Amino acid sequence: MLKRFFPILLSILTFLLGWDLLTRLSGIPNFILPSPLSVWSRFLRAMQDGSLLHHTAITLTEIVLGLIVGVLFATVLGYALAKSRALEKVLSPYLVASQAIPVIAIAPLLVIWLGDGILSKVVICALIVFFPVLVNTIVGVRSVPTALYDLMNSLHASRAQIFWKVEAPASLSVFLGGLRIGATLSVIGAIVGELVDAESGLGFLLQLGDFQYDTPMVFVAVFTLIALALMLYGAVRLLENKFLKWQN
Amino acid sequence: MSHAPILTIRNLSAVFQNENGGLRALDDVSFNVRPREFVCVLGPSGSGKTTLLRILAGLIPPTSGSFTFGRGRQPSIGMVFQQANLMPWRTVIENIKLPLEVNQMDEASARKKAIEMIELVGLQGFEDSLPRDLSGGMAQRVAIARALIHDPDLLLLDEPFASLDAMTRERMWTELSRIWQARQKTVIMVTHSINESLFLADRVLVLTQRPGKIKMDVAVDLPRPRKDDIRYTSNFGKLARKLRGAIE
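Just so you know, the sequences run in chain order A and D.
Each step along the first sequence adds one to the number in the numbering used here, with nothing skipped, and position 7 is 7.
Each step along the second sequence adds one to the number in the numbering used here, with nothing skipped, and position 51 is 51.
Hints are not guaranteed to be accurate.
[As the list claims (entries may be wrong)] With a straight-line Cα cutoff of 30 Å, these simulated DSSO-like cross-link-like pairs (lysine-lysine) come out:
no., chain 1, residue 1, chain 2, residue 2
1, D, K112, A, K245
2, D, K185, D, K215
3, D, K185, D, K238
4, D, K112, A, K242
5, A, K165, A, K83
6, A, K3, A, K165
7, A, K89, A, K165
8, A, K242, A, K165
9, D, K185, D, K112
10, D, K227, D, K215
11, D, K215, D, K242
12, D, K113, D, K238
13, D, K112, A, K165
14, D, K185, D, K213
15, D, K215, A, K165
16, D, K227, D, K238
17, A, K242, D, K113
18, A, K3, A, K245
19, D, K113, A, K245
20, D, K113, A, K165
21, D, K238, D, K213
The hints are simulated quantities; they were obtained by calculation from the structure and are not laboratory data.
Please read all numbers here as calculations on a predicted model, not as lab measurements.
Turn these sequences into a full structure, and let the hints guide you.
Below, the structure written as structure tokens:
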């Protein structure tokens with residue numbers, strides 16, 4: 001266990017040490033580049049007054065809801081597109097066009113339409129998650145070997161049996177690859193929405209810290225976001241380890 | 001063996017649409033199969049043998065003609081493909097019991113039957129192995145077990161040993177011969193190997209080059225069980241020469 005995590009621990013320690021030395025030796029003021037210790041004490045303060053947990057909970061809710069909605073739509077639509085070339089022909093121009101618009105550009109619109117509450121963030125999050133999951137669902141379902149369809153059809157299997165016994169397990173690996181990208185992007189989606197306009201959430205905290213020259217707070221928010229992204233990434237990894245054991 | 005035919009194939013033709021109007025794969029093929037008969041369909045590549053098998057398996061409809069199964073209903077099919085065509089995410093035993101799952105047999109009985117099949121094909125000790133850990137011959141044994149487990153009316157074999165090396169292939173002939181004697185199934189096997197067909201079959205049908213027509217219908221009256229050295233008998237040689245002459 002210790003052996004496995006030793007390299008990563010060492011690299012984190014080196015990073016922190018380097019950062020600390022930089023702040024000490026360069027004379028950069030604290031409000032521009034705070035030292036690791038001042039970020040740490042700001043973190044403890046934000047934990048004590050409950051503000052960090054409160055805002056993290058809000059952002060996490062947006063992310064999770066956005067992920068669920070985005071993945072649900074992407075999976076259903078992706079499956080339909082994988083199965084129907086005609087549908088793909090009709091819809092793919094729209095889908096590609098939708099990807100040409102950066103989410104950041106339409107985020108203000110969504111906030112105007114849906115309000116500055118949690119809904120607009122969930123939608124932005126879902127939009128940014130949607131595409132990678134969609135593409136990987138299509139690729140995954142299309143990659144199912146036709147010979148396995150032949151096998152199932154020779155056994156007179158039903159549509160549902162073909163889906164659950166062949167299509168779902170065969171495409172799972174590629175699908176989870178898409179989910180891994182989507183999960184990381186979902187954090188960006190929530191923050192983009194919060195930066196446009198929000199009363200709470202880590203994006204709000206980020207902006208608040210910025211306005212007040214509370215740079216250690218900005219760092220605390222950024223590190224929390226990194227932790228969230230790593231956690232989501234790790235969750236997908238766990239799913240992969242559980243369901244894709246046969247691959248490695 | 002002078003039973004009424006269990007499978008009657010009448011004037012079967014298959015045309016595939018392509019740019020030049022259509023590719024005629026099978027042309028007016030008619031024959032009967034008696035219960036528990038082992039029929040080999042022998043022909044050069046591109047003679048429509050696989051097409052014939054796929055029609056009988058219900059995977060593609062014939063362009064014209066018909067086939068009726070003796071008991072007046074759709075026959076249950078066990079099919080073995082050129083590649084083992086196993087599901088890589090399923091263990092050996094899970095792969096073998098797939099047809100029973102499709103037939104919604106309860107888990108305990110399915111497992112019991114699967115263990116019987118594993119013994120029949122001699123894969124004890126590999127129940128929980130994944131396909132990637134099996135050799136080609138072992139994988140094909142799993143495929144044979146899977147094709148037999150639901151006690152199908154008709155066993156369809158599509159060059160099942162074509163991808164194996166010569167030594168393994170000949171060992172598999174003996175194996176299949178033994179399994180067939182134990183199970184007494186009606187078998188239609190497609191092959192382009194004269195030795196294979198004479199070693200295994202009661203009857204060999206020779207197809208012509210595309211479009212496939214039946215050119216010759218030869219009864220193989222070699223005694224069973226057939227041993228390896230049957231290939232050096234004069235009767236075998238005579239039949240082999242006859243078939244060789246019939247194949248263009």
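Next pair to validate is D:K185 with D:K213; report whether the Cα-Cα distance is within 30 Å. holds, 25 Å
For the pair supplied as a hint, D:K185 and D:K112, confirm whether the alpha-carbon distance does not exceed 30 Å. With Cα atoms ~21 Å apart, D:K185 and D:K112 stay inside 30 Å; holds.
Given hint D:K113 paired with A:K242 - CA-CA distance at most 30 Å: holds, 28 Å
Pairwise hint evaluation, A:K165 against D:K215, where the allowed Cα distance is 30 Å at most: violated, 41 Å
What's the verdict on A:K242 and A:K165, does the C-alpha distance respect the 30 Å limit or exceed it? Distance ~17 Å between A:K242 and A:K165 Cα, so the pair holds.
Do the alpha carbons of D:K112 and A:K242 lie within 30 Å of each other, as the hint requires? Roughly 27 Å between the alpha carbons, so the hint for D:K112 and A:K242 holds.
With the threshold set at 30 Å, check whether the alpha-carbon distance from A:K3 to A:K165 stays at or below it. Distance of about 39 Å is beyond 30 Å: violated.
Tell me if the straight-line CA distance from D:K227 to D:K215 falls inside 30 Å. Measuring from Cα to Cα gives roughly 28 Å; hence the hint holds.
D:K185 paired with D:K238 [C-alpha distance capped at 30 Å]: The given pair, whose Cα atoms are some 27 Å apart, holds under the 30 Å limit.
Is D:K227 close enough to D:K238, meaning Cα to Cα at most 30 Å? holds, 17 Å
Given the hinted pair A:K3 and A:K245, is their Cα-Cα distance within 30 Å? holds, 23 Å
Given hint A:K83 paired with A:K165 - CA-CA distance at most 30 Å: holds, 17 Å
Of the numbered hints given earlier, the model fails hints 6, 12, 15; all others are met.
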